[in-house]
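Student: Protein sequences appear in the order of chains A and H.
Sequential numbering of the first sequence, starting at 930, is according to the numbering used here.
Sequential numbering of the second sequence, starting at 11, is according to the numbering used here.
Rather than coming from a laboratory, the hints here were simulated on the basis of the structure.
Certain hints may be false.
Claimed, not checked - With a straight-line cut-off of 20 Å between C-alpha atoms, the simulated EDC-like cross-links for lysine to aspartate or glutamate are:
| id | chain 1 | residue 1 | chain 2 | residue 2 |
| --- | --- | --- | --- | --- |
| 1 | H | K143 | A | D974 |
| 2 | H | K379 | A | E953 |
| 3 | H | K379 | A | D974 |
| 4 | H | K108 | A | D1093 |
| 5 | H | K379 | A | D1093 |
| 6 | H | K379 | A | D1094 |
| 7 | H | K379 | A | E1061 |
| 8 | H | K143 | H | E70 |
| 9 | A | K984 | A | E1150 |
| 10 | A | K984 | H | E373 |
| 11 | H | K377 | A | E976 |
| 12 | H | K181 | A | D988 |
| 13 | H | K379 | A | E976 |
| 14 | A | K1100 | H | D406 |
| 15 | H | K377 | A | D978 |
| 16 | H | K379 | A | E1016 |
| 17 | A | K1100 | H | E373 |
| 18 | H | K108 | A | D1087 |
| 19 | H | K379 | A | E1150 |
| 20 | H | K181 | H | E373 |
| 21 | H | K143 | A | E1150 |
| 22 | H | K377 | A | D1093 |
| 23 | H | K377 | A | E1150 |
| 24 | H | K377 | A | E1016 |
| 25 | H | K181 | H | D60 |
| 26 | H | K377 | A | D988 |
| 27 | A | K1153 | H | D77 |
| 28 | H | K143 | A | D988 |
| 29 | A | K1100 | H | D407 |
| 30 | H | K143 | H | D238 |
| 31 | A | K1153 | A | D988 |
| 32 | H | K143 | H | D124 |
| 33 | A | K1037 | H | D195 |
| 34 | A | K957 | A | E1016 |
| 35 | A | K995 | A | D975 |
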Amino acid sequence: MKSSLLACFAAILFACFATPANAEESPKNFTLHLGFGPHSINAIDDELDSSTGTKPVSDVFGTGPKLMFQMGLEYYVWQGFGSVGIEGASGFWHTSGKGLREDGTQSKDSTTFNMIPLKLSAVYRFSYLQEEWAVPLVPFAKFGFDYWIWWVLNQRDDLARFVDDDGSSSKALGATYGLHVAYGLMFNLNFIDRELGRDFDQSAGVNGTYLYIEGVYNWLEDFKIGDSWNLSTHTFLAGILFEF
Amino acid sequence: MQRSVCLPRILLMAACSLAIICWASMSAWAVNVNIDEVTIEIDDESYTSDDVEYIYVNSELAEITLDFSLDESSEDADWTLTLGASTNVSDQEFQSGKFATNASSASTSFTPRDVNVKLGDQNAAGDLVYSFKLTLQVTATTTEETTTNDGDEDVTTSETVTNTSPTQTIKIVVDRDPPETPTLDSTPSSGENSVNLTWEAVERSTSGSIEETEGSFMRYKVCARIIDDFGASSSKILDGDADDDLDESETETVEYEQEIEEVVEEDVAESAPEDDTEVEIPDFPGVDGDEDTSSDVEINEDDCILRTGITSNSYRFDGLTNGVVYGFRVKAVDAARNESDDWSNEVTATPRPVSDFWETYKEAGGKEKGGFCFIATAAFEGYDTPEVLTLRRFRDDVLARYELGIAFISLYYRWGAPAGAWLDEHPSLRPAARAALSPLVWWSRLYFAYGPTAALLVLLAACMLLGGATIGFRRFGKEAGR
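All chains should be built: construct the whole structure from the sequences, respecting the hints.
Tutor: Here it is as structure tokens:
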């Protein structure tokens, strides 16, 4: 009984999705994505000596994540059983908080932390299900290098500086490199309105418009070489992706 | 076939359309007059009005200069200023003049008293405030040449065209009413070398016969005076930068800095130490935000660190010295430059050190040092090694001064990170990378020790030596081959 129900469900699904692929589809070589997702730098607090009780990120910026914007362009280097592409992506992240007085209370002086992530990834998209059986879901995975440029501004909107006891000064401008792994799922909006999707392809060469969500592990610690801080995080991004 | 017939027709139609458009644009000459700037001079002080349509002055003797211009120059143009109907009298000519031949700009000056005389007693709206409207119009004449094709011949005809511009209106309000005195919020917030102040906004006091313009014209000036420096003569003194809230001309900003310097020089320290001097903040129980009970203390602006032109009812007063107790007062200044009769209540506050995020992180023991030196850092295994420090210094002090150097730096930033990461993954190659970078490190040291000339000479000698060695080696190879 159970197996026959499952068979019926599978048959209905197949009937819904299984329309032959459009033979006149334009060639597809690129994807462009725009996405947003929460990001936090609270890992910085974890690297510090917990006995002091100071958590700079939490104390100044709070514990909640802030929104990151990201956009990327991918070029398909191989298309067969799915596709393999090389993707370059960048974005912007910003958080602002209030500077701390000597007694630990927050002042009205603002301080900001800014980051521009630069990512180079290898991407595999398992589009076989979509191409063969018109299932509108495309799982994907990414792996790549990260280079995140960051800077901190003080209350005068100048680059923050710190002078050590030994007189050496450091500017709050630098970059941290690392790796990332991402995994996600894309939903093809053409499935909702195939006619519109075909028109978009014929008029603008966009083969598919997708909504996507991806989970990302960023390991950003200069590969633990030197005295880098830890910007690592596990987060997600969601947005829209165009395939053309 | 059809296409070959259509194409010449389309081209012909396009050419005709173009010709018609050109002709229409040439013959539709119109004159427009624009008021470019209004300058007001009173008591030898001159300033430019923020608005060229509504002008506020606080004296009948203020000299108002209008600079106006035409969109296109004209051979012969007359301008007329007419007193408008808002003064309850019929329009009448007030001033007139001519543009110089083929000039596109002109100017005129007058005082509200001139207008007052013209209008007799009818313009006064109360004892202190009256207002009037002026309209500016230009009649301009120019000669137009039109070329037409009469059979095989081009015929040029001249025509004199006279045009009258639409009127441009300015409204002038003479306002001698001082604005109300603002009230300072009694809880200012201390920041690093700064204090954040807020006060109740003051409404405009002008009540002329001209309709109110949108928005508030009220501005404020804030005075900070040193009440007690608690021995802060050993404290650091920062530059007094005007805050973002301050919508002032550059000249006025410079004035602030001069005023600050003067006051600080007089009142605080004869010999201010370096910026990095640590400030010991005395404990001032109950000082911040306390209202001064002696608010009737006479304030002499010469004793103030003064900030003017503040457009909002809050202000971050920066450029102060940490640990010094300051008293703050505020005055409202309206669009006609009338000031409140009195300074506001006085509130006191003491600027205190504030740590930004970077300082908080470093004070908590954070080890990140910033910077971008990838390859050298990876090769010499440390950001603060002498070799890396030398290269960083060369980057910042030498390369960054030249466009070519900046291009090299950006190229290095683009490709250096992956190269550095690759080196980190292959530690066995570090000695080779060090060897490759060492000449650059030595040469940079030479540059800093003996100057650019010596460094260039050494570089030239090294190139010649290398070139000579290469040529010699090739010759040796060829001869050995024979």
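Student: All hints are to be evaluated individually against the structure, with a verdict given for each.
Tutor: Each hint tested on the structure:
1. For the hint linking K143 (chain H) to D974 (chain A), the alpha-carbon distance of about 65 Å lies beyond 20 Å, and the restraint is violated.
2. In summary, the hint linking K379 (chain H) to E953 (chain A) is not supported, as the alpha carbons are separated by about 56 Å, beyond the 20 Å threshold.
3. Pair hint K379 (chain H) plus D974 (chain A) holds up; C-alpha atoms about 16 Å apart against a cutoff of 20 Å.
4. Of the pairs offered as hints, the one joining K108 (chain H) and D1093 (chain A) is violated, with about 71 Å between alpha carbons and a cut-off of 20 Å exceeded.
5. With a CA separation close to 11 Å, the supplied pair K379 (chain H) and D1093 (chain A) stays within the 20 Å bound.
6. For the suggested pair K379 (chain H) and D1094 (chain A), the alpha carbons sit about 14 Å apart, so the restraint of at most 20 Å is met.
7. For a cut-off of 20 Å, the pair hint linking K379 (chain H) to E1061 (chain A) is broken: about 53 Å separates their Cα positions.
8. Taken as a hint, the K143 (chain H) and E70 (chain H) pair is honoured in the structure, with Cα atoms around 15 Å apart against an allowance of 20 Å.
9. Taking the CA atoms of K984 (chain A) and E1150 (chain A), the gap is about 18 Å. The hint holds against a cut of 20 Å.
10. Between K984 (chain A) and E373 (chain H) the alpha-carbon distance is near 11 Å, which keeps this suggested pair within the 20 Å criterion.
11. Distance hint between K377 (chain H) and E976 (chain A) is fulfilled; the C-alpha atoms sit about 10 Å from each other, no more than 20 Å.
12. This hinted pair does not check out: K181 (chain H) and D988 (chain A) have alpha carbons roughly 54 Å apart, beyond 20 Å.
13. Taking the CA atoms of K379 (chain H) and E976 (chain A), the gap is about 15 Å. The hint holds against a cut of 20 Å.
14. Between K1100 (chain A) and D406 (chain H) the CA atoms are separated by roughly 13 Å; this keeps the pair inside 20 Å, and the hint holds.
15. With a CA separation close to 11 Å, the supplied pair K377 (chain H) and D978 (chain A) stays within the 20 Å bound.
16. The suggested pairing of K379 (chain H) with E1016 (chain A) is violated, with an alpha-carbon distance near 30 Å, which exceeds 20 Å.
17. The hinted pair formed by K1100 (chain A) and E373 (chain H) meets the criterion: a straight-line CA distance of about 14 Å does not exceed 20 Å.
18. With a CA separation close to 53 Å, the supplied pair K108 (chain H) and D1087 (chain A) exceeds the 20 Å bound.
19. This hinted pair checks out: K379 (chain H) and E1150 (chain A) have alpha carbons roughly 13 Å apart, not beyond 20 Å.
20. The suggested pairing of K181 (chain H) with E373 (chain H) is violated, with an alpha-carbon distance near 59 Å, which exceeds 20 Å.
21. Between K143 (chain H) and E1150 (chain A) the alpha-carbon distance is near 69 Å, which puts this suggested pair outside the 20 Å criterion.
22. For the suggested pair K377 (chain H) and D1093 (chain A), the alpha carbons sit about 11 Å apart, so the restraint of at most 20 Å is met.
23. For the given pair, K377 (chain H) sits about 12 Å from E1150 (chain A) by alpha-carbon distance, which is consistent with the 20 Å threshold.
24. With a CA separation close to 32 Å, the supplied pair K377 (chain H) and E1016 (chain A) exceeds the 20 Å bound.
25. Our distance criterion of 20 Å between C-alpha atoms is met by K181 (chain H) and D60 (chain H), whose separation comes to about 13 Å.
26. Of the pairs offered as hints, the one joining K377 (chain H) and D988 (chain A) holds, with about 18 Å between alpha carbons and a cut-off of 20 Å not exceeded.
27. Distance check on the hinted pair: K1153 (chain A) and D77 (chain H) sit about 67 Å apart at the alpha-carbon level, beyond 20 Å; violated.
28. A threshold of 20 Å between alpha carbons decides the hint, and for K143 (chain H) with D988 (chain A) the separation of about 58 Å lies outside it, so the pair is violated.
29. For the suggested pair K1100 (chain A) and D407 (chain H), the alpha carbons sit about 16 Å apart, so the restraint of at most 20 Å is met.
30. A distance of roughly 52 Å separates the Cα atoms of K143 (chain H) and D238 (chain H); the hinted pair therefore is violated under the 20 Å criterion.
31. Annotation: proposed proximity of K1153 (chain A) to D988 (chain A) is violated, straight-line Cα distance about 25 Å (limit 20 Å).
32. Pair hint K143 (chain H) plus D124 (chain H) holds up; C-alpha atoms about 13 Å apart against a cutoff of 20 Å.
33. Of the pairs offered as hints, the one joining K1037 (chain A) and D195 (chain H) holds, with about 15 Å between alpha carbons and a cut-off of 20 Å not exceeded.
34. Between K957 (chain A) and E1016 (chain A), the direct Cα distance comes to roughly 15 Å. Compliance with the 20 Å bound is thereby established for this hinted pair.
35. Using a Cα cut-off of 20 Å, the hinted pair K995 (chain A) and D975 (chain A) holds, with the two alpha carbons roughly 18 Å apart.
Violation of the numbered hints given earlier is confined to hints 1, 2, 4, 7, 12, 16, 18, 20, 21, 24, 27, 28, 30 and 31; the remaining hints are satisfied by the structure.
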